[in-house]
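K.L.:
The chain contents come next:
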Amino acid sequence: MIELKGIRKQFGDHVVFDGIDLSLDRGEIIVVVGPSGTGKSTLLRCINFLETPDAGHLTVGDLGFDVTGATREQILALRRRTAFVFQNYALFANKTALQNVAEGMIVVDGMPKAKAYAKAREILERIGLADKADAYPASLSGGQQQRVGIGRAMAANADVILFDEPTSALDPQWVEEVLGLMKRLAAEHQTMIVVTHEMQFAREVADRVVFMDQGRIIEQAPPAELFSQPKDERTQQFLRKILAANVV
Amino acid sequence: MHALDFDYMLGLVPILLGYLPLTLEMAAAGMACALVLACLLAVIRVTRVPGLNAFALLFISFFRGTPLLVQLFLFYYGLPQVLTFLVAINGITATILGLTLHFSAYMAESIRAAIVGIDRSQTEAALSIGMTRAQLMRRIVLPQATRIATPTLMNYFIDMIKSTSLAFTLGVTELMGATQKEAAGSFLYFEAFLVVAVIYWIVVEALSWVQKWLEQRLNRAYQR
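Protein chains in written order, with full-length UniProt numbering: chain A, 1 to 248; chain B, 1 to 224.
Accuracy of the hints is not assured; some may be wrong.
[As the list claims (entries may be wrong)] Among the chain B residues that face chain A by a calculated CB cut under 8 Å, a handful are:
#: 1; residue: ALA125
#: 2; residue: ILE129
#: 3; residue: THR132
[What the hints assert, rightly or not] A few chain B residues that don't get close to chain A, going by computed Cβ distances all over 12 Å:
#: 4; residue: VAL13
#: 5; residue: LEU17
#: 6; residue: TYR19
#: 7; residue: PRO21
#: 8; residue: ASN53
#: 9; residue: TYR77
#: 10; residue: LEU136
#: 11; residue: MET154
#: 12; residue: VAL198
#: 13; residue: TYR222
Hints listed in this document are in silico derivations from the structure and should not be mistaken for laboratory results.
From the three backbone atoms N, C-alpha and C, an ideal C-beta is built for every residue, glycine too.
With the hints as constraints, model all of the structure from the sequences given.
P.N.:
The following block contains the structure:
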């Protein structure tokens with residue numbers, strides 16, 4: 001249901017990646033791992049058109065188009081089918097937690113305010129922040145802010161949620177509550193692509209782990225397989241390094 | 001040197017206060033129009049609308065680069081000679097027009113700076129959930145930019161109130177014009193201009209209090 005074909009992105013002369021193919025089914029959970037600077041985040045941003053890919057074909061749900069001739073309408077339609085969770089939360093600073101979650105439903109989906117707020121309250125309930133509905137982002141902890149960020153993505157009712165290193169900016173004490181929420185979403189079969197360095201999370205939650213290095217997908221496999229018998233030398237090297245550092 | 005004529009000064013206060021509404025009305029009208037124009041110019045500058053951006057730059061450059069008094073004379077005395085349909089323009093309208101154009105040039109730059117100052121990730125977040133650029137501006141960027149720009153805009157408003165005094169050079173009997181007339185009749189120039197100075201001062205002080213209150217209100221969302 002989500003398919004990337006031959007995606008290319010370059011910044012100036014620097015080609016970040018060229019010819020990326022990736023597909024996933026409804027309800028599938030993919031974790032993308034790899035060294036920093038290999039284009040994982042850029043790839044994720046291309047799926048949402050936060051970066052404009054330079055070539056390739058994108059399909060999300062019933063929407064498919066060639067990225068080079070993408071129209072405004074296609075981009076907006078694509079963004080309605082995808083939701084994004086940012087490393088630095090990127091909450092709307094002028095809106096309360098409740099309003100952050102409801103904003104998209106009101107403005108993008110044109111839902112009546114009362115209904116949107118009711119739905120937003122349900123979501124806050126699910127992410128355990130019902131009591132923070134009227135709090136502004138500045139008064140929330142990093143973990144709470146990121147949970148609101150995830151709540152905002154949930155409210156978009158998207159075909160896929162894209163997580164861009166959602167725990168990297170968090171103080172260690174808040175990491176668990178955010179990963180916990182993501183695990184609950186995974187258990188509900190929310191389709192997601194997660195870029196992260198949390199190997200334990202990948203091991204527990206991913207249906208498939210994708211290893212990227214220097215702008216290429218080196219190999220992909222279910223976590224049990226990829227972590228225990230990585231085929232490519234680069235994967236082995238990366239895993240040795242990161243597992244030594246992480247001790248999982 | 002003579003002693004201050006306090007009785008004269010006290011008697012002058014109610015007379016001059018009668019002209020305060022006109023002063024405030026001109027400033028309020030000028031501010032309202034200038035805000036709209038400044039927002040427009042700022043958005044043009046930020047989004048670099050081709051063609052319009054160059055016009056905005058020229059506009060801002062001209063109205064910041066020339067004295068307000070020159071602009072007022074240009075509109076009131078000069079322009080009607082070229083554009084004859086403007087012959088009927090009165091001093092009050094010309095003043096409001098001048099204040100609008102002059103201050104919108106300054107305000108556009110501070111609004112632009114406020115817009116640029118908003119964390120780019122919020123823009124991305126808004127786009128990521130499918131907002132259009134217009135929705136992003138209206139719902140996320142401008143409300144926050146307003147907050148950042150408010151102290152500066154209030155300062156421009158205060159400046160504008162004081163600048164309405166130039167209207168008397170266009171024959172408008174507002175606070176300053178009325179004082180001039182009173183003083184010319186009584187020859188007590190020091191007393192008259194002291195009274196009008198204090199009136200301006202009190203108005204501006206009162207506005208500074210409003211400014212503080214407004215800033216506190218606008219900062220509510222950002223307190224930890």
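K.L.:
If a hint holds in the structure, say so; if it doesn't, say that too.
P.N.:
These are the hints, each one checked on the structure:
no.: 1; hint: ALA125; verdict: holds (4 Å)
no.: 2; hint: ILE129; verdict: holds (4 Å)
no.: 3; hint: THR132; verdict: holds (7 Å)
no.: 4; hint: VAL13; verdict: holds (43 Å)
no.: 5; hint: LEU17; verdict: holds (40 Å)
no.: 6; hint: TYR19; verdict: holds (40 Å)
no.: 7; hint: PRO21; verdict: holds (35 Å)
no.: 8; hint: ASN53; verdict: holds (21 Å)
no.: 9; hint: TYR77; verdict: holds (46 Å)
no.: 10; hint: LEU136; verdict: violated (9 Å)
no.: 11; hint: MET154; verdict: holds (19 Å)
no.: 12; hint: VAL198; verdict: holds (39 Å)
no.: 13; hint: TYR222; verdict: violated (5 Å)
The structure fails to meet hints 10 and 13 from the earlier list, while all remaining hints are met.
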